[in-house]
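S.K.: Listed below are the residues making up each chain.
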Amino acid sequence: MSSQDIPEENVPAERDAHEGAHGAVSVADEKNPFADPGLPPHEHRIQDIDERAAKRSERAVAFLFTVSMLATVGFIASYVTIPADRSIFVFPIGHLSALNFALGLTLGTALFTIGAGAVHWARTLMSDVEVADDRHPIAAPPEVRAKVHADFKAGATESAIGRRKLIRNTMFGALTLVPLSGVVLLRDLGPLPEDKLRHTLWAKGKLLVNMNTDEPLRPSDVAVGSLTFCKPEGLEEHDEDFQNEIAKAALMIVRLQPDDIKDKQELEWSHEGIVAYSKICTHVGCPISLYEQQTHHVLCPCHQSTFDLSDGAKVIFGPAGHALPQLRIGVNDEGYLEALGDFEEPVGPAFWERG
Amino acid sequence: MSTTETTESRERGKAPAGERIADWADGRLGIYSLAKANMRKIFPDHWSFMLGEVCLYSFLIIILTGVYLTLFFHPSMNEVEYHGSYVPLQGQLMSEAFSSTLHISFDVRGGLLIRQIHHWAALIFLAGMFVHMMRVFFTGAFRKPREINWLFGFLLFVLGMFTGFTGYSLPDDLLSGTGVRFTQGAILSMPIVGTYISMFLFGGEFPGHDFVARFYSIHILLLPGIMLGLVVGHLILVFYHKHTQFAGPGKSNKNVVGMPLLPVYMAKAGGFFFLVFGVIAVISAITQINPVWAIGPYRPDQVSTGAQPDWYMGFAEGLIRFMPGWEINLWGHTLVLGVFIPLVLFGVVLAALAAYPFIESWITGDKREHHILDRPRNAPTRTALGVAWVTMYMITLVGGGNDLWATHFHLSINSITWFVRIFFFVGPVIAYILTKRICLGLQRRDRDKVLHGRETGTIKRLPHGEFIEIHEPLSQEQLHTLTAHEQYEPAAIGATVDENGVERKVKGSEKLRAKISDAYFGEDQQIPKPSVEEYKEITSGHGHH
Chain A
2 MSSQDIPEEN
12 VPAERDAHEG
22 AHGAVSVADE
32 KNPFADPGLP
42 PHEHRIQDID
52 ERAAKRSERA
62 VAFLFTVSML
72 ATVGFIASYV
82 TIPADRSIFV
92 FPIGHLSALN
102 FALGLTLGTA
112 LFTIGAGAVH
122 WARTLMSDVE
132 VADDRHPIAA
142 PPEVRAKVHA
152 DFKAGATESA
162 IGRRKLIRNT
172 MFGALTLVPL
182 SGVVLLRDLG
192 PLPEDKLRHT
202 LWAKGKLLVN
212 MNTDEPLRPS
222 DVAVGSLTFC
232 KPEGLEEHDE
242 DFQNEIAKAA
252 LMIVRLQPDD
262 IKDKQELEWS
272 HEGIVAYSKI
282 CTHVGCPISL
292 YEQQTHHVLC
302 PCHQSTFDLS
312 DGAKVIFGPA
322 GHALPQLRIG
332 VNDEGYLEAL
342 GDFEEPVGPA
352 FWERG
Chain B
13 MSTTETTESR
23 ERGKAPAGER
33 IADWADGRLG
43 IYSLAKANMR
53 KIFPDHWSFM
63 LGEVCLYSFL
73 IIILTGVYLT
83 LFFHPSMNEV
93 EYHGSYVPLQ
103 GQLMSEAFSS
113 TLHISFDVRG
123 GLLIRQIHHW
133 AALIFLAGMF
143 VHMMRVFFTG
153 AFRKPREINW
163 LFGFLLFVLG
173 MFTGFTGYSL
183 PDDLLSGTGV
193 RFTQGAILSM
203 PIVGTYISMF
213 LFGGEFPGHD
223 FVARFYSIHI
233 LLLPGIMLGL
243 VVGHLILVFY
253 HKHTQFAGPG
263 KSNKNVVGMP
273 LLPVYMAKAG
283 GFFFLVFGVI
293 AVISAITQIN
303 PVWAIGPYRP
313 DQVSTGAQPD
323 WYMGFAEGLI
333 RFMPGWEINL
343 WGHTLVLGVF
353 IPLVLFGVVL
363 AALAAYPFIE
373 SWITGDKREH
383 HILDRPRNAP
393 TRTALGVAWV
403 TMYMITLVGG
413 GNDLWATHFH
423 LSINSITWFV
433 RIFFFVGPVI
443 AYILTKRICL
453 GLQRRDRDKV
463 LHGRETGTIK
473 RLPHGEFIEI
483 HEPLSQEQLH
493 TLTAHEQYEP
503 AAIGATVDEN
513 GVERKVKGSE
523 KLRAKISDAY
533 FGEDQQIPKP
543 SVEEYKEITS
553 GHGHH
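Chains A and B are the protein sequences, given in the same order.
Our numbering applies: residue 2 is where the first sequence begins, and numbers increase by one.
Our numbering applies: residue 13 is where the second sequence begins, and numbers increase by one.
So that you can see chain B by itself, here it is in the shape it has in the complex (with noise of 0.2 Å):
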């Protein structure tokens, strides 16, 4: 017993440094079993994978930085006076919140480029959220058994947009404090609780001398630690799940075919990360953002033309701007519809995000996984509507920065409130349906590809006169991938009457999704794809073009 101990560990003592420290980790963590799991790991390639990967890199550069600038911020609303080193605004009254803001920008050598990294990377991360959000939309990646990693990643969102508000109130500047006030305003609008909500939030009236520590609570601990927790949730799922990949030759919805995490994704994805922090590094070194001492510190009874919210707020201001001013006073009481509506609406339209999964899955009544991504225009209906949601998102975000629209282009800013208030509506509607034309064109186009083969360009002389072009089949690789997607029947509502011929009640929920259902793969919503039958048929006989 001994004996074979001591031969043991004069073999570990061996051993190269590396190996015995994993040797000892996997005594009392177990990483070899993780690690066969993972280290060799497959994931597919495709250029629009690296969009999550962004928002990750940039969430990672927002928690360094956001650390760094703590050490230096002082989330406070005492009112002092400046003696900084910016000469502008010396001898101004401010608040410490503001002014430290100022120490940070002119005399913590760094400071203000941490300052704007921190910045760039919250837009970046929110920009990266809403584009990788539209890629695993449109190619339908949020089917089972990903839904909620969906809302893992919607929370991201939803989360993101508030920890960018509660961030960039921070240096109670005069635009930050005006969108606070705006905050509030719209808080006093909720019925009944509305001016308790905002008494308690503020810790009295408007604008007080706490919303500055509160938000700074909330900004650098209540939401970034549940994002933390949701982003490490998100990734544990894809690592669970194996990532998605598109049809094509030798994948199916059983297998993932790419390249293993080690070593090819370990040099890529983290190569990544410092490609992600270098860019944006060198853009907050060229390219100013948020600078507060231009603005100067918050007064209630001040405010610059031109305000605007960061960009992810901007479909917020939106449907703030453009709804017109409705109140109803009834029985002593206000409802403020002008600005309760768009509050609720700012609920509902991202509710809708969190919802399509559950939704489309209860129109196609489809229970298996999904691996294979939709090409977007297989889905015709789903792409549609995205489009339609995106038209909205962008019709609002015009409208959110409508003074900007007239500034710039010197229209009038009448028309381009009612253009949104109209194209609120309308847009969405035009974009429905003309996204759905070109996916189907795009389908008919497939469709005969696979049938006549690709159009070489080559034109053709017959003996007899007649000009042909020359169509050159495709290859079974080709063919493979532009048939592989699956194509949903519209769901019916099946026998009324039972073999006794009893009456069966059809349920209204029954009733509405054979409708939906119809409407998203009825006749006409999509392009039959091409049967083996058809294909044989039409190549069999030869010179048919």
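One chain only, chain A, in its complex shape (with noise of 0.2 Å):
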């Protein structure tokens, strides 16, 4: 350690010895002309030296607290006469509730008074008269240093902790594995992550059921630059686990003409140029929503991440790390579109076992 000390001559020198800490105004150093001078002499505020300037200000200090009492009474009145759904319009602000506005303005108004009062009070009446106080070291003087250094030893000798090496081992080991306890208390936090991340409520056969309309979707429902949100058949709004499953399975299709699909697989998995995709951003996970219909990128709104929806929903900007997970989709018996199994990648944001 003493070689990075720095060497004693490159250390400043300490201030001069004669600038005590209560510096008497001094006369000009003939030999030092950027000596201390000491504390300027102190110069009367108006209320010091009048009276009548004195009493203004005392008044004014009690106007303040008069005007939050006011104020409090005003908070309390407000509060038992205004109902709570009316709405008052302020200019420049715009319609705000009126009992909103009542209650802050006067508690705000009996708060800000008293502190202003306090404030005028400190600074036109209370002496301004600057004082100066001695520090002294915050380390310990090497005497009492010494003292408890050796208080210390005594105690550790006492107790024989360096000696009965035996004891003081066990006790490092006891004291080590007993938080282990509260460790393992915390296993049943939740459950393992297994393969949860990996399946979604997708299966051969699941209709594609339109979020809005909450019916099954035929080919003809789906338009051309429209975009459309679905979930799997047989998942309710109610269901206990409904927004854990549709954190997975949310699903966007859009269709696009055949011709404009670039990837090759995107145009196997998809039908009659309708492309299903899921929603969840592969970057963090906000659910993407916002089409444009010319380009057929889709972005999502949280970090920006751009996928190029015919072409295989690749990343074209920002940080997602990988493609949109396509579902790959058809058409059942009765003319509906049904999911032709389950992603065959995990939606959403990767983690270290996705591979």
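Don't read these hints as lab results, they were simulated from the structure.
It should be emphasised that the depicted structure is a prediction, and the values quoted were computed from it without experimental measurement.
Beta carbons: idealized from backbone N, C-alpha and C, even for Gly.
Keep in mind that a hint or two might mislead.
Unchecked claim - Stretches of chain A that chain B covers, calculated by requiring three or more beta carbons in the stretch to come under 8 Å of a beta carbon on chain B: (1) 42-56; (2) 77-87; (3) 107-117; (4) 192-202; (5) 275-285; (6) 300-306.
Join the two chains into one complex using the hints; note that each chain is given alone, in its own frame.
M.R.: Rendered as structure tokens:
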């Protein structure tokens, strides 16, 4: 450590010794024009010399405290009289909840005027003479330090912790192990991941149900250039695990001109140009909801990852790391769009076990 | 014996009630010894010293209003159908957390006001801490003996960020749920442990039924409990160390000049609490914040555009937005660098703040106590580094709001993202160079002022026709103030050969330290302050300007 210490001559010298704590006003030093001249003399405020000015200050402070009292009365009156659902127009802010506006203004005034009164009192009427206090080194003087070290050594020796190593080592062992119980208790915070992130509700034969109408979709319902959000048949809003399931199964479908589809697999997995992709962004899992029908790009509004739906939903801009998973779809005997299986890769954000 | 006791008690009986209570308390708590040291404690005056007070008071306001909110908030994710007084959402499915937030906002009189005060105070608390830390940093107030208090403050800032995040996630609205989803996605990116932590935090798959209740106990108990302890520790240390002060006449490293706690700072600081509270109450009366009813309940398959976290999480948002989407797939595993690197950077950027006081003291090798504040210009390298950090933070903040910049200023989101990607690296360098130049310029001006006096603007024509500007010499107070700072020499490596001619090994760390020290204090890295000799030489030759 000592080799890291800075050489003595490089540390600026301590301040001149003659600068005492309570620097009296000293005469300009002939030898050192930069020397500390000491505290400047106190300059009186008008309130210090003119009693009428002091009285004015007193009245101002009392006025502020009185305003505060009135504002509190106003607060209680507003609470009692203004209905919670009344709205008022306040220029230039706009329409506001009348109760919130009245309560906030009266409370704010009641508080602010107490503060303003106290500060005005301190600034105009309390003494403003600057005083100097001594500082003392934070570190203990050497004799205290020596005493503490000696005490510690005495205590340590009396405990025999250094001599009886068996006690010491088993104690450390016990203290190290005992927190493990606490860690083990955290195990039931949640289940193990297993393959939960790999599967969604989609399966062969599940119909694509329009999120808005709650009806299964026919290919003719999907117009070119439109964006439709779907959920798997059988999943209802009231279901216990609706949120968890929709977080993985949310689907968006668009209809492209089959000629516009550049990716071969995408074309194979589509039906009459209708392609189905996971709605959950592969970046950190926001639902993607902005569709540009001319370019077939979809944009995630959270972090602006942009995917090209006409080219396997590849990432063309932004922080997402891989393409959106595509769902293979077809049409069942009754002419409804159905899934031909689950997603072949995990939907949503990437994770270590994803591979 | 008994006579003296009775006289004593009779005398006590006559004493004013306040005095008797104080005596009673002193007999049990020893308050007089405490008051002796602290009642008339001197605090120096400077506007920047009130920034910490803003933080303290907004913290108290958050606790007060937060306790009120817990009386009405239901931290439950049970789905309920809404039948409250906000008509547009009637009949909608939502969590109890969301519906109780609506209840607070529409049915509890004053509930909306307290909710808005709570939220505004949280934003101001974090902003206050940010600015307060800048004040402490740029004036070097973190130096010995205050490094630990800097760490306390740093922890308060970081914990404040997470307390804020867990707090605004509680209403379970569409915006905050999106933020929680982002957090879950970031957790998933952690190698090996990501999926496990996510499952344990959310009690299964996202969003599950547990996170609101869990965030609630973190938000109202765990984090504020730790923070309250840190705040108390922070204040005890401020009292114990005594406040720092700027250099000036009568002020030295061995004294503290100012006004006493009782009565001046009792009134000023106590009053300031009411000022802060009053201002936040008025803001909450007229400025709506987080209108969850307009955003709607959370659904993992829905989102709104322009989603933004609260400002203090904006830089994390920026890091994740401008990072390219790198992913490495090897041996059946995925390393999600596009998300994991921002997560690590988030920690590194903050940790740099925590580490700085220790780095600087290692470079200067200075082990003395410092109670006189630096003017930022007099520590050009530190100031430049600080401004570089702030620049990086601000550029990242721009990145976090890239969509809003794009829509508000009609710019391309892609160009903004590229700007942020480049200036995340280039910006701090430019800021460093500029700041250092400015500091050196200001140091030169101070030097000129000391040696040649103040420019008066008065032009005088000499008998032989020459025009000169009259420079007025500075007072001794001004001369002292401008020359009171200390200047370090760069740390030399020292002799590599001892008196016996034996060569000593120079450690790598020593060489590194000498290099950094040279960048801090070497030639042209600071302007030497004028010496007494220079001053005398110039002032003795009159008429020389």
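S.K.: Now tell me, hint by hint, if it's right for this structure.
M.R.: Hint by hint, here is what the structure shows:
1. 42-56: violated (count 0)
2. 77-87: Coverage by chain B holds here, the residue count being 3 at a Cβ distance below 8 Å.
3. 107-117: holds (count 10)
4. 192-202: holds (count 5)
5. 275-285: Since three or more residues must qualify, the claim that chain B covers the segment 275-285 of chain A holds, with 4 doing so at under 8 Å.
6. 300-306: Holds, because 5 residues of the segment 300-306 of chain A bring their Cβ atoms closer than 8 Å to Cβ atoms of chain B.
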